[in-house]
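Could you build the full structure based on these sequences and the hints that come with them?
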Amino acid sequence: MNLLRTTVALSAILVAGAALAQDGAITVWADATRQPAVEAFIAAHPEVPVNLVLDDGSSGASGTFQTKISLADQANEGWPDVVFSTQNNDAAWAARENNGAQAFAQVLNEGFLDQAFLDGFTPGALDPVTVDGKVYGLRNDLAPVLFWYNKTLLDQFGYAAPTTWEEYQALGDKLAAEHPGYFLGAIGDAFQGPYIYYWSGEAPIFQLEGETFKSDTSAPNAVKVSNLIDHMVANKTLTLDSVFGANFVASAANLVAIPGPAWYSGALFQNPGGVNAKAGDWVAAPPLKWADGAAVTGNVGGGVWYASSHTKNPEAVKTFLKFVISDTKVAGTGGLPAYQAAADAWLDAQAASGFYAGDFKAAIQTAASSVWNGWGYPNFSPETAWAKVVTPGLAAGKTMTDLAADWQQEMKNEAQVVGYTVE
Amino acid sequence: MSTIEHSAATVALERPRKGMSVERAQGRIGVLFATPYTLFLIAFGILPALYAIYLAFTRKGAFVGFDNFLKVFKDYRFWPAVEHVGIFIVVWLVLLVVLVVTLAILVHSIGLRWFSGAMRFIYYIPGALAGASSVMLWLFVLDPTVSPVSWLLQALGIESFVGAVDASRLPIVLAVIAFWTGAGGWIVIMYGALNNISKDVIEAARVDGAGPVRIAWSIQIPLMRKWIAYMVIMSFAGGTQLFVEPRVLAQASRGVVGQDYSLNQLAFLYAFKQNDFNGSAAISLVLLAVAVALSIYFVFKGGLFERA
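From first to last, the protein sequence lines are chains A and B.
FYI, in this note's numbering the residues of the first sequence are 197 to 619.
FYI, in this note's numbering the residues of the second sequence are 2 to 309.
Don't read these hints as lab results, they were simulated from the structure.
Even for Gly, the Cβ is constructed at its ideal location relative to N, Cα and C.
Any given hint might turn out to be false.
To be verified - Computed footprint of chain A on chain B; a stretch qualifies when at least three of its residues, placed anywhere within it, have a C-beta under 8 Å from a C-beta of chain A:
no., segment
1, 218-226
2, 257-264
3, 275-286
Below, the structure is given as structure tokens:
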């Protein structure tokens, strides 16, 4: 209830964190999903003491990372050595000086890590964390949007798998008419609308040119995406449930297909608490596109590891980063590793397991190389505005067409308060 | 917690005067009890407040007058946050005053000692949970897919968690959570206040033919006026600082409850999202000014410092 209590608690955490630091030890902030990777490092490198602090990894654009760094900047102590974030727009603030405190993120090229190691990333993987040629973070995994479908169900119903958004919508109409209750995706989490539908649909609603933020929900592609969502929400082939919620899991047997990121593989399909798919049922297919559009797709996060510019143990930090990024057993932490060699090993292992029908490796590679580059990485996320305006609006029965202008306004307002010029 | 200490101090003051030496001994003990509190108040209350005043009127160390305030007032999130907090406080304070007074009088009128004691204990239990953990509990109650009272939620037209924390329902939801956590302590305090009312007065009224409602309305409530004013002031100050509840709801609802719902959350965003500690300080000063002004009003209106 009061800020004072919270501040005292936060300072206590910082003090405790500082007290735990020992000679040669590094402090790592990461979320629970990354915990096994950090523990694998501890087992493999007993010579580097690691102090792991678990947080939410800034998921849902909670801003935990930035909040805690601001406190440390203000206190002039208590910075971690390595941080994991699920967002890939943190470089927008971490690469800058804040209130006189040096930029938190360590520049990782230009001598910190050898160029040969950095060259090992999948081409384009480091783009979201590169500012003016300086690399400020290392992508943990790539998260291009693919099209996942249940081959067994489609064959049983006698439908062909869609390859365009138009066919996807038409499949929704057929399902709604002939097999009501079966569905084609979800839009209950804040990341799905912006990244899976608008980004993949090449809609210019989150763009950054220099310091100017642009968003146009009335652009032709944006309108096409809004209409698609409205149409499929109306015929109930798009659910308003969260893919991590109890309702979705309960109805997962009726899921026929879903566009989604590469990490759905581990987080949704091979997760006993998610879809819990049967081996051989599901196919990872190349991303959907507009019939008359370019073959592009969206991207949903794909975490980033940052090194602190304040670290006193740069060698330990380098050892840690190289391990979590490139060790074939832990890299990617369940998703598609951003490091090429680890990605190849992961793709081969996935293909060899035969869990997915179809050409899993080719689909992922196609998706990974076709992420639409018109999307921006400013110092805020489209997810907060989506959650605030669109999620409750859709739940109250409004349509995307009703809500698009408000959503755009909320994003522009956010851009303005964090200091961008808005057009 | 501090409310209990306050009331204990006030009760001590109201004790009849005895010999001088006892008074002096009491004074010494009083100083002993008050010292740690005063030290903490200076370290965590007064010094930060002074620092906030400095920050609110400066930018990068230079005096800028009311610039920080103007910037905050023009922020598109400020007035909605004022509205959110305002509605919440009105709903909550009305709920608090009406229900706490009613429940305290009801419990006080229970003849059975063990039953009355048990009821006070039960009322007090939720107060033992800190703000954040009580919100965690409410997250389950409010989600129709897991709630033990999902039938009730559905009867109210709430089909999903997003619906439960819809903007129109949120002030009520937050007021219910705040009432549930905070009311027990106040019921116990009001019970103490009722015990202070002389039995003779009640007895005389009863002989004159007054029923329980008449006694409550004409004797008990007027004599509890100070305590009610005290409760309103403390709750008002706490209510304007609404933070943990919407913050946890924001995390749990994946942002459907905005991270900028309340004024304190906005101050938090200013400090830690925008790195604007000056704007953040300006918001806290606005809160301080409003809380002080309304407290002064209630102090005089409620006759808090009048000798009985």
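Cross-check of the supplied hints:
Coverage of the segment 218-226 of chain B by chain A is violated [criterion: at least 3 residues with CB-CB distance below 8 Å; count 0]. Coverage of the segment 257-264 of chain B by chain A holds in this model, with 3 residues showing a Cβ closer than 8 Å to a Cβ of that chain against a need of three. Residues of the segment 275-286 of chain B with a Cβ under 8 Å from some Cβ of chain A number 4, which satisfies the need for three, so the listed coverage holds.
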